[in-house]
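Q: For reference, the chains in residue letters:
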Amino acid sequence: MKARLYTALSVAGWLALAPSTVLGQAATAKSANSCVECHTGLDEGLAHKMQGDIHVEKGLGCVGCHGGDPSQADQDLAMAVSRGFTGAPKPSQVPAFCGKCHSDAAFMKRYDPAERIDQQAEYLTSGHGKRLNQGDQTVATCISCHGAHGIRSVDHPESRVYPTSVARTCGKCHADPNYMKGRLPTNQAEHYEKSVHAHALTKKNDLSAPTCNDCHGNHGASPPGVASVANVCGTCHTRQAELFRKSPHNESFQQLGQGECLACHGNHEIKSPTDEMVGTSKPATCVDCHAEGDPGFTGAAEMNRSIAALARRLGEAEKLLARAERAGMEVSRARFGLTEGHDALVGTRVLVHGFSPGLVKAETQRGMSIANQTWKQGEQALEELQFRRKGLAASLLVIGFALVAVYLKIQQIERAQK
Amino acid sequence: MKTTTDFKERASGRPTEAQSGAAEWLRNRLGTSPLEEIAAEKTVPRHRHSLWYYFGGMTLFLFSIQVVTGILLLLYYRPSAEEAFESVQFIMTDVSFGWLVRSLHSWSANLMIAVLFVHMFSVFFLKAYRRPRELTWVTGVLLLFISLGFGFSGYLLPWNKLAFFATRVGTEIPRVFPFFGDFMMRFLRGGDEVTGATLTRFFGFHVAILPALTTLILGVHLWLVQCHGMSRPPGPGYENGKTMKFWPNFLLRDIMGWLFALGLLAALAAIFPWELGEKADPFASAPAGIRPEWFFLFSFETLKLLPAHLWFMEGETLGVLAFAVGAAFWLLVPFLDKRAARGLPSRAFTAIGLLVLIYIIVMTAIGFLA
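Protein sequence lines correspond, in order, to chains V and C.
Start counting the first sequence at 1; every next residue gets the next number (the numbering used here).
Start counting the second sequence at 1; every next residue gets the next number (the numbering used here).
Since the hints were derived computationally from the structure, they do not count as laboratory data.
Treat the hints with care, since some could be wrong.
To be verified - Listed below are the simulated DSS-like cross-link pairs for lysine-lysine, each with C-alpha atoms no more than 27 Å apart in a straight line:
#1 K319/V to K279/C
#2 K376/V to K279/C
#3 K42/C to K418/V
#4 K409/V to K242/C
#5 K409/V to K245/C
#6 K245/C to K418/V
#7 K242/C to K418/V
#8 K161/C to K319/V
#9 K409/V to K42/C
#10 K58/V to K100/V
#11 K172/V to K203/V
#12 K204/V to K161/C
To be verified - Below, a sample of chain V positions facing chain C; criterion: calculated Cβ distance under 7 Å:
#13 G328
#14 E330
#15 L392
#16 L396
#17 A402
#18 V404
Unchecked claim - Some chain V residues flagged as far from chain C (calculated, every beta-carbon gap over 10 Å):
#19 R131
#20 S247
#21 F297
Even glycine gets a Cβ: it sits at the ideal position worked out from N, Cα and C.
Turn these sequences into a full structure, and let the hints guide you.
A: Pasting the structure below:
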């Protein structure tokens, strides 16, 4: 009985193993993904890098870009041209390589209906694209900025083109003196890092602050022409650009071929502007063009005086309120009023771009009236404080007198009781 | 028009109102003579710890200031999330002496709780809770709980940032109670979150429910104090038989203390007016350094220091339950201290009281320094 049972179990075991043996033989001809199987062995970091790749996340494997047949275990079959294999593109082929999908509206709509499809066309208008067309194989193409493998979505913090990484990505080439030799200067990234824009972006984490591509464009990257600088800066600094265009400087800058905003603020190393930039002595930029005696010089002096006077008065009012507050006075409404004064000061600093002393004076007068009103409130608070202290002294005197009177009364009563 | 009493007095030959002035006039009409007789007969024990007797009257005086200033604040305060902060700001800046009334209200509230603690511990250590004054103690402890309720509800009323977040933390605490914890939290908040509904509700507690309870319990407390008189502590050194007449000797000394408290309050209100802070914003993130008022600090610190899990339950739950048991124990002290009830020294309860006092002082200090 035992022997028969043993034989039956042995046959059942072989039958169970048989299918796996057949599949094992077939695995020599077919593969789940031969790209991964072979290339993981060749480059250990590749599989890791591809984790989180936007294309992989969307379901596009190696074959999506490189073609071929990953189901073939045989290398020649898997990478046969007849099976659509294109291999790694040369730099000159990259824009078209990526553009195969990214310029195809119907294809891109499957993933994102709002996705742009003009990147390749725009690239060809860029400084990079033009040089590539001229046969320069060393200029930046899509993969130079986005990477080849492990490409992250542009809004992914690990993406090379995420706002906080753009300057580093551009600087890889543009800050490399060897690479840029004979082409362009290489100090832009260093200058940008010292700018108010970089400070806002990297220190304050303000992702809306501009980086390289916000002024130069991304796919169509090229330096803005002198005439279009104000347009570029004006995309964010709208009011300043509008005032500048109406100002007398607009025409004269155009005649001089001067780069509008650049003349005073510079380009990459744009520092946080100060009130001293307007005036008749350095660091005022007005003196670069205007000399004593000309109307521009007089106007600069006048604007400087107005702004400085307002800033000083607001500072004094602020100190007075702080003093009252430290003494325990409730001055929050006066403080709120003071913010309007500071708004007027900010408004004045913007109005400077109209280069009209009259315009600046009107706004500083509005701010001055608020500052004076706040100052008065601060003084009233301190007067009230004095009143309170005198009132306290008087009250304590009365209370002290009453205390002594009660004490004497107790003494009198207790003497009588004895 | 002459009253019947006047005619009787004329007939009896006693001085008429024309002869003794306003006091006699009032006495004739209000019938205050029995009270005067009680006051004339009432005495206060005189010994080396008589000083502590003045703290009960001091608490009552500060409570009276609370009532008067509270009524004045009611004339301008508006209990809604939209208007509360602005109305307090208006009181502080635009109402004549509004800053003084509000600062007096806030300072005297804090002083009252401090004096109340002194009064309570002095009663505890002098064993004044022993028979027949058990109910005087119980009503006193209930008044302490009500005063803490006044403090908790009043803290939120200016609707400023710190109070808002502290109330959010404070109203979360009852949730740890099994079965009815969630209900208690929603009852306090008037919903799931601290909102304008909580403010309106706290205002109701602060100006209607708690004052009504206080009137009732304080009435019983004062009546019991009159019934039983001041307790002479047990033990040697106190049985000297010396007394002081309540009127005028003790009351005049009481008045001296009240005048001193009034001066102190005036100085605090004028030199350190009570801050208003920033308006509460339920959508803003909680500011750093949220903490309750100082009299809740010892319990708050305890809950903070407890580990997340202790034995078989959450640390916070255990802490809150321990405080609830502690409060019940404190309320029932006269019934638990059998030795004091027999007039014998009760060192165990003195030690417990000392431990509680040291614990409160140390944890409050840690809370301030943290």
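Q: Look at each hint and say if it fits the structure.
A: Taking the hints in turn, this is what the structure says about them:
no., hint, result
1, K319/V to K279/C, "23 Å, holds"
2, K376/V to K279/C, "25 Å, holds"
3, K42/C to K418/V, "18 Å, holds"
4, K409/V to K242/C, "21 Å, holds"
5, K409/V to K245/C, "15 Å, holds"
6, K245/C to K418/V, "13 Å, holds"
7, K242/C to K418/V, "14 Å, holds"
8, K161/C to K319/V, "25 Å, holds"
9, K409/V to K42/C, "20 Å, holds"
10, K58/V to K100/V, "16 Å, holds"
11, K172/V to K203/V, "21 Å, holds"
12, K204/V to K161/C, "25 Å, holds"
13, G328, "4 Å, holds"
14, E330, "4 Å, holds"
15, L392, "4 Å, holds"
16, L396, "5 Å, holds"
17, A402, "5 Å, holds"
18, V404, "10 Å, violated"
19, R131, "50 Å, holds"
20, S247, "41 Å, holds"
21, F297, "47 Å, holds"
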